[in-house]
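Student: Just so you know, the sequences run in chain order A and B. Count along the first sequence from 1, then add 60; that gives the number in the numbering used here. Count along the second sequence from 1, then add 6; that gives the number in the numbering used here.
Derived by calculation from the structure, the hints in this document are not laboratory data. A few of these clues could be false.
To be verified - To give an idea of the chain B side of the interface with chain A (calculated C-beta under 10 Å), a few residues: (1) Pro335; (2) Arg340; (3) Ile341.
Said to hold, decoys possible - Using C-beta positions, here's what the derived DEER-type ranges look like: (4) A:Ala319 with B:Trp410: 21 to 29 Å; (5) B:Lys204 with A:Lys289: 51 to 59 Å; (6) A:Ala83 with B:Glu350: 52 to 60 Å; (7) A:Lys215 with B:Glu383: 36 to 44 Å.
Note that the Cβ used here is the ideal one computed from N, Cα and C, for glycine as well.
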Amino acid sequence: MEKRIIVCIKQTPDTRSVKMDEATGTVIREGVPAIVNPLDLYAIEAALNLRESYGGEITAVSMGPAKAIEALREAISMGIDNGVLLCDGAFAGSDTWATSYALAGAIKHLGGVDIILCGERATDGDTGQVGPGIAAWLDLPVATYVSTIETIEKKTCRLRRCVETGYETLTAKLPVVVTVVKEVSNPRLPTLRGKQRARQVDIPILTADDLKLDKSKLGLQGSPTRVVKIVKPKITRKTTLLTVKNEATLDQATGALAAFITETCK
Amino acid sequence: MSEEPNTNYQKVTDRIVEELQAIVGERYVIYGDADALEAYSHDETGGKQWAHPPEVAVRPETTEQIAAIMKLANRERIPVTPRGAGSGLSGGAVPIYGGIVLLSDRMNRILEIDTDNLMITVEPAVITSEINEQVEPLRLFYAGYPMSMETCSIGGNVAENAGGGKAIKYGVTSRYVLGLEVVTPTGDIVQLGGKLIKDVTGYNLVQLMVGSEGTLGIFTKITLKLLPLPQAQVDLLCLFSSPEQAIGAVTTIITACGIIPTAVEFIDRQSFEASCKYLNETLPYQDAGAMLLITLDGHSPDQVQNDYEAVGEKCMELGATEVYVADNPTTSERIWRIRRNIPEAYNLITQRQSGEDIVVPPASIPQLVAKIRRLAEKYDVLIPTYGHAGDGNLHSRLVSKPEWSDEYWNELLPRLQTELYQLTAQLGGRISGEHGIGHKRKKYLAHVVSQEYITMLRAIKRALDPNNILNPGKIFDMEPSSTESIT
């Protein structure tokens with residue numbers, strides 16, 4: 061019962077180096093070390109675990125500049141079988157709507173997939189919309205915030221997902237789009253042998269034309285999202301130290317603390 | 007303090023506090039507040055027996071204020087203990103005779119980044135990692151890499167001649183200190199060295215000050231050498247099935263590959279298990295007996311790739327069961343934090359322990375590890391061992407079993423230390439590679455050095471600090487004690 065798995069990953073700036081261009085509202089990527097979006101590593105790990113349990117083949121798909129091929133090679137060095145890069149000037153500036161349209165096109169192009177795995181969100185844009193977007197474009201069921209992929213049958217799978225009130229377990233028809241949270245598994249590290257293999261693997265580069273995509277739905281022009289303004293939150297952290305010297309000040313201090321908590325929780 | 011030699015120090019009185027207030031300003035003198043002073047009674051050595059509070063703490067802002075404080079202290083015969091960030095591991099900043107603690111925290115400015123000479127001049131309280139944050143955009147770096155670099159200050163690094171993770175390739179702090187402005191123990195201000203790569207104008211007093219543990223002078227300005235920032239860095243985490251296999255690989259890697267790694271860290275099973283549990287890290291360490299963390303850096307990604315391929319393959323050839331590769335800052339940090347958090351992990355497990363800092367010639371490291379294992383078996387004690395295997399410096403921790411009583415442990419620990427230091431000395435080693443002697447190890451100093459050497463140390467101290475005012479009771483006592491000749 062081998063499964064065909066696709067993992068969608070994004071190359072993001074190193075977490076410590078994320079900076080925004082306030083004029084354009086986009087993330088500054090030039091001259092900043094790039095990594096695989098840390099939350100996508102959990103999707104990669106989940107895919108590797110599924111392959112270990114059920115067999116099959118995993119393809120990592122990424123959209124980005126030519127440099128994003130490094131992210132695919134990193135995924136392969138962790139154990140992913142193949143990589144595909146969507147790279148085309150037509151993709152530049154795409155928002156989540158356009159990005160998920162392009163990724164959905166690539167998944168259709170690859171064909172025959174059972175499970176599409178994504179990270180919860182990317183640490184640069186922080187939207188969490190691309191996974192569900194892919195499902196919408198492909199008209200597939202989607203399960204977000206999945207913490208456990210319990211079982212996979214011939215035509216269905218059982219998933220456990222985090223919701224506000226706890227967990228819910230659901231059965232979904234395959235193919236399915238799943239976005240995972242950190243709980244799903246701890247990502248393994250790339251190995252020396254993995255790195256060596258990743259250098260040899262041929263990673264095809266696909267364009268909008270290869271995928272027969274409608275260019276009016278791609279890039280900055282095709283993206284409905286406009287960043288109007290970026291606001292930095294003010295740091296309002298203030299410390300009030302309540303010193304207790306004797307019984308009387310103890311009551312005062314606990315009273316003040318209780319009042320503070322009541323006020324804050326209003 | 008267990009043994010307090012007869013000293014003739016005077017107590018800090020209200021009149022002296024007023025004088026101190028006149029020098030630094032009233033709000034920068036901490037006095038009469040036991041809770042506030044407690045913070046300056048200890049460093050990170052651990053164990054209440056090493057702690058002692060000061061009578062007063064002062065926070066000067068200028069070199070001249072420090073000079074005035076030293077003159078006052080000499081006149082009144084009050085001991086002065088300089089303190090950086092308090093992250094020391096041998097008690098260097100602990101005022102064991104009370105008196106004045108001199109806090110450097112207000113002197114925390116970066117004074118100049120000289121990109122023509124590749125040098126930086128800083129005040130002592132600058133946090134070590136802050137230097138790299140400032141110079142990295144200029145494609146420069148400061149090569150010191152103590153494991154506490156996010157919390158320790160550069161003044162303390164210079165005072166202890168801090169080593170750290172990159173010493174095998176880049177050496178220790180002393181290699182980078184070119185100039186010092188120093189307040190002497192008697193309150194004079196003197197400039198030592200400067201922006202000079204070569205300088206033989208008189209004795210090499212800069213290097214006398216580096217590693218003097220706050221006993222010979224107070225650094226108020228420090229000029230450091232910077233290096234061009236390596237453009238690529240890769241870390242390898244190599245799992246071996248036994249500690250002997252891992253430690254045996256260290257010298258072979260260096261000699262056979264013809265590459266000096268930036269770091270070669272050894273981490274035994276107990277140490278990485280404790281740290282991984284502390285960090286909730288789930289690397290498959292269960293099957294590993296020891297790990298090597300090897301860092302390689304260089305001017306281009308291709309060069310570093312060639313280097314790590316060679317070193318990684320050599321590790322596999324020497325029995326590594328897996329070699330992980332971290333070639334970006336996020337993955338690198340995931341690996342290094344396992345190494346850096348070992349002390350913290352053990353601090354949570356027990357307070358009854360002693361972090362050691364023994365150092366031997368690098369090629370003797372396998373013998374040292376074998377001897378430590380036999381010592382642990384002999385006393386049925388835990389001795390997790392990790393550290394800078396590439397440069398011969400290991401951090402064994404002597405850790406009490408939970409069921410042992412305080413009495414038993416307090417009686418056993420000195421015996422363990424004595425044997426550990428003796429076996430280190432037999433291999434041509436010393437009792438501290440980078441943490442310093444402080445007061446924690448001073449009674450063991452005579453085990454590994456000659457009497458003539460200690461006599462020389464005393465002569466230097468006496469010449470610069472005739473009243474024994476600056477950080478007294480550290481490294482050695484001025485008068486020989488009865489325990490000094492038990493080798």
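Student: Would you mind marking each hint as holding or not holding in the structure?
Tutor: Consistency of the hints with the structure:
Look at Pro335 (chain B): its Cβ gets to within about 5 Å of chain A, closer than 10 Å, so that hint holds up. The beta carbon of Arg340 (chain B) comes within 8 Å of a beta carbon in chain A, closer than 10 Å, and the hint placing it at the interface holds. Interface restraint check: Ile341 (chain B) against chain A, minimum CB-CB distance 8 Å, threshold 10 Å, status holds. Taken as a hint, the range 21 to 29 Å is violated for the pair Ala319 (chain A) and Trp410 (chain B), whose Cβ atoms sit roughly 48 Å apart.
Separated by about 57 Å at the C-beta atoms, Lys204 (chain B) and Lys289 (chain A) satisfy the suggested range of 51 to 59 Å. Taken as a hint, the range 52 to 60 Å is violated for the pair Ala83 (chain A) and Glu350 (chain B), whose Cβ atoms sit roughly 43 Å apart. Roughly 59 Å separates the CB atoms of Lys215 (chain A) and Glu383 (chain B), a value that falls outside the hinted 36 to 44 Å.
Comparing the model with each earlier hint shows violations of hints 4, 6 and 7; every other hint is respected.
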